[in-house]
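Visitor: Sequence:
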Amino acid sequence: MSQTRSLERYAEPAMQLLGSVSVRTKILGIVLALTTVLGLGVTWQVRTVMSQVLLDELDSRGASVVSDLAGRSVDPILLNDTFSLHELLSETVANHTDIMYAFVIDPQGMVLAHTFGTEGFPTQLLRLPADTTIYDSSDGRIHEFTGLILDGQAGSARVGLSEARLRTVIDVITGQMLLTTLAVAVFGIGAAIFLTWILTRPILDLVATTKRVGSGDLTARAKQWAKDEIGVLADAFNAMVGDLERNRVTIEDKEAARTRLLEQLIGAQEEERKRIARELHDGVGQALNSLALGISTFPQLHDQAATAARAAELRSITDETLQTVRQLGRDLRPSVLDDLGLAEALRHYVAEFAVLYPEFRVDTHMDITERLAPTIETALYRIVQEAMTNAARHSGGRTISVVISQRDGWARAIIEDDGKGFDVEAVQRAGRSVGIYGMSERADLLNGRVRFESSEQGSTVFVEVPT
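Numbering (this note's numbering), first residue to last: 1 to 467.
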């Protein structure tokens, strides 16, 4: 666990550093790192293998040369021909560029011939341990090989091969490979820049489009540069912006319709107040004045029949006044909705509707098993009332059907007419029908929904409200 926490502690700054650079820098860094690692790795591997192969070849060649030299030195030694022996050594050194020196010693260790010229023979070579085959000198590393002459009875031949030429070849090849790696890295950087431009161009365009959308320009669309994942992202982004634009238009339409509805509601409220004031003044007020006047005349009546007639007249005025007050109450809110529920309130409304619009036949079907919440009953009552009123005023039909049901946690209402129908989309788009918007608004407030369907054979309003 402690090691894991340590790794996380060191990894977090690295991740923050990587996250702070651009995608372009990341891609360039990846390409450059891969090129460098691969180039250096391959160069090191080739240098190692080549060094081993060339060293093995040097050792093999040295062993072969010293063996040949030992064989060819037999006759000059036996004949005590020092000149021929020296010529043989010089020829051997001249024919093999890697041989630095060659010399022959007798069984007692005395040098018979060598190739060191006027510089003299370096006696330290004779003091090297017998098992030493590689040693370092001022001319670099030397591989020394020994060949016995007549199994050592006539002495031995020794040659020294230098690694200098071999190392030069290896260094030249290594330099060429490093130059190749550098060229590949430069090409890789160029390819990475081009690839980065291809990859980041749609991303930068998407970022610019996102900023435009963020500033409120919902008409902005990201360009689809390719059919890859970024292209799919651009399509999804454009679809999202399209939805936002449509939602904004819908919200603006709703706000405009809500404003018109509010204005009409305020106007209707003021008209209703005026109507109630007129009813109270002209109806109830006049009736109360008549009652007061009639009551004031009672002391002046001496005839029992006249008193009874006056009492009947006052009772009639009282009944009419009471009916007016009750009608005003029903117009404001039907008390039967609070007392008996939605089904009974709709039956009363249908009866009143039949009086107002005798040319319509209204069919009702109520399937409500229990009382609903007051807000739901009020909303459904007003929606049905509005739908029936619209049908009576605008449909031109003769039949209205009202179906109310309650099941599966939903209260549903269906209001149909057999009128001429209307263009639902055009009416909703124009936003002039406050009644339609009011029905939708009532359902939305209760997390319900309203759907309108219309054709030449009539119109239907579907209402669903969760209970």
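I should point out that these hints are in silico values taken from the structure, not numbers from a laboratory.
Each hint should be verified, as a subset may be incorrect.
Below are the DSS-like pairs computed for lysine-lysine, each with C-alpha atoms no more than 25 Å apart in a straight line [said to hold, decoys possible]: (1) LYS26 with LYS254; (2) LYS26 with LYS211; (3) LYS227 with LYS211; (4) LYS211 with LYS223.
Now the in silico label distances, taken between C-beta atoms and shown as ranges [stated by the list, open to error]: (5) ARG61 with GLU119: 22 to 30 Å; (6) GLU344 with GLU453: 56 to 64 Å; (7) ALA426 with GLU359: 35 to 43 Å; (8) THR200 with GLU453: 22 to 30 Å; (9) GLN153 with ARG47: 43 to 51 Å; (10) ARG47 with GLU119: 19 to 27 Å.
We treat Cβ as the ideally placed atom computed from N, Cα and C, and that holds for glycine.
Visitor: Give a verdict on every hint.
Guide: Hints, verified against the model:
A hinted pair counts as satisfied when its Cα atoms are at most 25 Å apart, and LYS26 with LYS254 does not qualify at roughly 48 Å. Between LYS26 and LYS211, the direct Cα distance comes to roughly 23 Å. Compliance with the 25 Å bound is thereby established for this hinted pair. Annotation: proposed proximity of LYS227 to LYS211 holds, straight-line Cα distance about 23 Å (limit 25 Å). As the CA atoms of LYS211 and LYS223 are separated by approximately 14 Å, the hinted pair is consistent with the 25 Å bound.
Evaluation of the 22 to 30 Å hint for ARG61 and GLU119 yields a pass: the beta carbon distance comes to about 25 Å. Under the hint 56 to 64 Å, the C-beta atoms of GLU344 and GLU453, about 28 Å apart, miss the expected range. For the pair ALA426 and GLU359, the supplied restraint of 35 to 43 Å is violated, since their beta-carbon distance comes to about 27 Å. Taking the beta carbon of each, THR200 and GLU453 are about 51 Å apart, not inside 22 to 30 Å as hinted.
Here the CB-CB span from GLN153 to ARG47 is close to 44 Å, well matched to the stated 43 to 51 Å. The hinted range of 19 to 27 Å is not satisfied by ARG47 and GLU119, whose Cβ atoms lie roughly 34 Å apart.
Consistency with the previously given hints fails for numbers 1, 6, 7, 8 and 10, ordered from lowest to highest.
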